[in-house]
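> Residues per chain, in single letters:
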Amino acid sequence: MQKVSIGLGASRRTTLITANKMKKKRVTIRDHHAEAALFGRRVFVSLVVVVIALGILLSNMYRLQVVNHHSFQTRSNDNRIKVVPLAPNRGLIYDRHGRILAENRPVLSLEVTPEKVTDLADTLTRLQQVLEFDDEVIQSFHDNRRRERRFSQVTLLDHLTEEQAARFAVRQHDFPGVSIEARLVRHYPYGDALTHALGYVAKINPNDLNKLREENKQANYAATRVIGKLGIERYYEELLHGTIGFEQVEVDIHGRAIRTLSVQPPIPGQDLHLEIDIELQQFAYDLLGNDRGSIILMDPRDGAIRAIVSKPSYDPNWFAQGITHAQYQSLLNSPHSPLLNRSTQGGYPPASTVKPQVALVGLDEGVITPTTRIWDPGWFQIEGVNHRYRDWLAWGHGWVDVTSSLVESCDTFYYDLALKLGIDTLHDHMVRYGFGERTGIDINEEAAAVMPSRGWKRARFNQPWYAGETVSVGIGQSYWTTTPIQLAVGTAVLTNRGHRPVPRLLHALQEGDIILPAVVESREPVVLNNAEHWDVILDALNRTVSTVKGTAHRAFRGASYTSGGKTGTAQVRSIGQEEKYNAEEIDERYRDNAMYVGYAPATDPEVVVVVAVENTIGGGGSVAAPMARKLLDFYFAQEQAHAQVEQ
Amino acid sequence: MPKSNSNSAPHSWWQRFHIDGPLLFGLVLLALVSIATVYSASGQDLAMTERQAFRIGLAFVGMLVIAQIPPKAIERFSLPLFSIGVVLLLGVLLFGESNKGAQRWLNLGVITIQPSELMKLAVPMTIAWFIAEHGIPPSKRRMGMAFVLLMVPTLMIAKQPDLGTAILIASSGIFVLFLAGISWRLILFFMGAIGAFIPVLWFFLMHDYQRRRVLTFLDPERDPLGAGYQIIQSKIAIGSGGIEGKGWLQGTQSQLEFLPERHTDFIFSVFSEEFGLVGVIGLFILYGFIIVRGLIIAIRAQQVYQKLLAGSLILTFFVYVLVNIGMVSGLLPVVGVPLPLVSYGGTSMVTLLAGFGLLMAIATNQRFVMHH
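Heads up: the sequence lines are chains A and B, in that order. Using the working numbering, the letters of the first sequence correspond one by one to residues 1 to 647. Using the working numbering, the letters of the second sequence correspond one by one to residues 648 to 1019.
Hints are computed from structural coordinates only; laboratory data are not their basis. In this text the structure is predicted, and so the values were computed from the model without any measurement. Treat the hints with caution; some may be incorrect.
[What the hints assert, rightly or not] With a straight-line Cα cutoff of 20 Å, these simulated SDA-like cross-link-like pairs (lysine to any residue) come out:
#: 1; chain 1: A; residue 1: LYS211; chain 2: A; residue 2: GLY177
#: 2; chain 1: A; residue 1: LYS217; chain 2: A; residue 2: PRO88
#: 3; chain 1: A; residue 1: LYS82; chain 2: B; residue 2: THR899
#: 4; chain 1: A; residue 1: LYS116; chain 2: B; residue 2: GLU908
#: 5; chain 1: A; residue 1: LYS116; chain 2: B; residue 2: LEU676
[Stated by the list, open to error] Computed Cβ-Cβ distance ranges for the label pairs, DEER-style:
#: 6; chain 1: B; residue 1: LEU740; chain 2: A; residue 2: THR113; range: 33 to 43 Å
#: 7; chain 1: A; residue 1: GLU214; chain 2: B; residue 2: LEU740; range: 16 to 26 Å
#: 8; chain 1: A; residue 1: HIS97; chain 2: B; residue 2: GLN691; range: 32 to 42 Å
The C-beta atom is built at its ideal place from N, Cα and C for all residues, glycine as well.
Bound-form chain A, shown alone (with noise of 0.2 Å):
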């Protein structure tokens, strides 16, 4: 048999046809009997196998069943100890006067468990009668059980008042399977001012499931609710979980709870206090009115921000307490995307806020000495181009060396040395100042930015870099975006002469009464050839401030405490040639972006400030110079009303 089929498979290989043949040939040739009675073999073997098999099984159910019977009965009768987790407290957060941030207010549910209820839609029907609650209330608890893990208990209603609670209290022995729960939950008392930093919990939801099952913490979260979704919420969020206790009771046949037998206690989440003062945060929030935008107070020296804002804003309350499917999609079709946290995530034009960085570089590299004069006749040709670069100032500044280019904004100055540079250069020097990279500020949401490169353009576009647009860049525009955060730290390097810092939100961690200092982070310093040219550079900021010529001497008059700074004014939409701009009838979008960094006091400076506000009639020197300006004076009014307060 075997080797009349091997013989066969030789043949097939000389022809097709006759390989057919064969095969037709082949089927009579197979013995029929012989396969047959091959396979019945097989069954037969296959059989006895199934039979030992079951029969092990049936044994081993004997051994289990008949056999250690009792014992496993014992064990039955035992297993009325029930182990219910407990959800540990979350920390608070305080801000850097001790003034509570986020805290846990006790509220009280009506928790319905299905499972235990006979009949649902009666029981629902009577509690509304009892309740007096809305028929959408039914729907979303329909809608919040399919969600829920099976036999669980799901939330009816989630604020209680005294009154319904009372009302149910009397009543309690009609709902089997209906209980009030006393729980903890989150509470933002200054709501939408601090939303970004802060971030919010909300209901741990599949996505955050499937993240802790992969990180192995599924069981220290068995009790909890709710995580943090953003902002230091989430970026703490193992500091602030805290660990998981235990309760062992003893249940009745129903499965309630007669006694409890042992407590191991949950251990609470620590407590974060951050260099926030939300005195400040406020006057900020307050400070941006109605314009989108985003404001930073920094400290320099380490990096810790004073206050962070972007707008608009939300209230971060509506999550911590169940968003609604309306107020999400709220936030989710606005125009003004306010779920953006636009510190770290809006990519802004830079415009002219960065040239003091690009002065630096040229500087460093030898391009330009602190004296090299270039003559600005309003507008700048790359050589043998048509086309005109023009200045802010249409008539030129005339001489200009890399002070007055700083003073009074000069573009023409900038484009040339841009070109000198070339983009590569540019690109290799600015991402030592941070520019391109996030800055590690402690919240997830951070973008980088775009600082590009012929590498860049290369790999987003596929397409070679053209000069003019070097041209453009040396002025903070074409492709170069900075997020808020990264100005802070960009101008947080000149302040320091070369160093780095990593920007904080938290200040210290409190476990108990033991107070942990945060741990204070720099980044590669930046190491310039001649340090001297850091006092050019801030001399020529100082002098934006203080002298007449300068573009934010007007922002700053008469301030009670020195500063430096630089204005920017950054275009949303290219201008044509001859066309002439005008922001109040162009488009609300399309207008120009009012930028300023700046620091304080101009010597051993203490904070960085830095204002985007998008889409404004005015430009830096402005619109945000003078937001920069009353934010500092109140910085500097509260420091001093401490001061006074320590005397």
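Keeping the supplied structure of chain A fixed, place chain B upon it in accordance with the hints.
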């Protein structure tokens, strides 16, 4: 040949609709056991029980539809189905959606599918087709090729990782080879090779959670609150059932929620607690009846392909029973295989009954040749 005979032989109602009576009888009884036990194990959740009953009904319809396909057509479908399956598995490995830490699902926009389920049928079909083409016993070369054909999907599924399904699929192919009559010497050699492979599996191929399962299986008491909890609770449930059981809906272990996954993989524990050894023997007789009926269909089949496929499908069904009962009663490590046709869940139900559909197609297409 079949046509001339089909006219002469009087067709019964069953025959006409390609239904194997005894098999259907056994399966319907199992379905009733399933509904009763799911009702109890779900904590008397009517919605879940209804869902289970609905799925069973749907799966039975699927089975009867598949039973109408002529076995010749099934044979022709084998390789295309297998190829589609392999492509989909590749898709899962590349773009699959993970669920409970394992990637098994492929989202095709409209529906999510689990290609490994498809392979439970496609693998025995294809190996049987590949072997049957040249008669049995197969040559060494053909057998080697069949083995490679089998390992491709098996390894892909083990990688997802889904050890339970990988074992079921590997067995379905190995059964085809065994039934095709590979020599005992080779069988011994393979057993030795598998023995040698175990350390490799342990140290290099198994995931941490799989290793933990094996360690827990060897000594459940070493982790009584963690991974061992399930198996200890399961044994307590079974053991406390005794000879007569605690009665339907009266199992304290299961009703008091001490037993995790009691309506899915551990449903046998609920059944044993409530119906005792008497019920267990009854269930064994029911499974034994279905398996014997399947083997009879395999022996009666006239074409080698049909014999191999029928034999492999019914023996794989037996492996389900063996592995599931073995694992919940503490004889085998927990690998996540449901109790066939009883556990709550739609996916395995559909695949298993589709397999029985194939068996019925084979059973009802051999009558005319029998007179010969």
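> State for each hint whether it applies.
Right, here's what the structure says about each hint:
no. : hint                               : result
1   : A/LYS211 with A/GLY177             : violated, 31 Å
2   : A/LYS217 with A/PRO88              : holds, 14 Å
3   : A/LYS82 with B/THR899              : holds, 13 Å
4   : A/LYS116 with B/GLU908             : holds, 18 Å
5   : A/LYS116 with B/LEU676             : violated, 30 Å
6   : B/LEU740 with A/THR113: 33 to 43 Å : holds, 40 Å
7   : A/GLU214 with B/LEU740: 16 to 26 Å : holds, 18 Å
8   : A/HIS97 with B/GLN691: 32 to 42 Å  : violated, 57 Å
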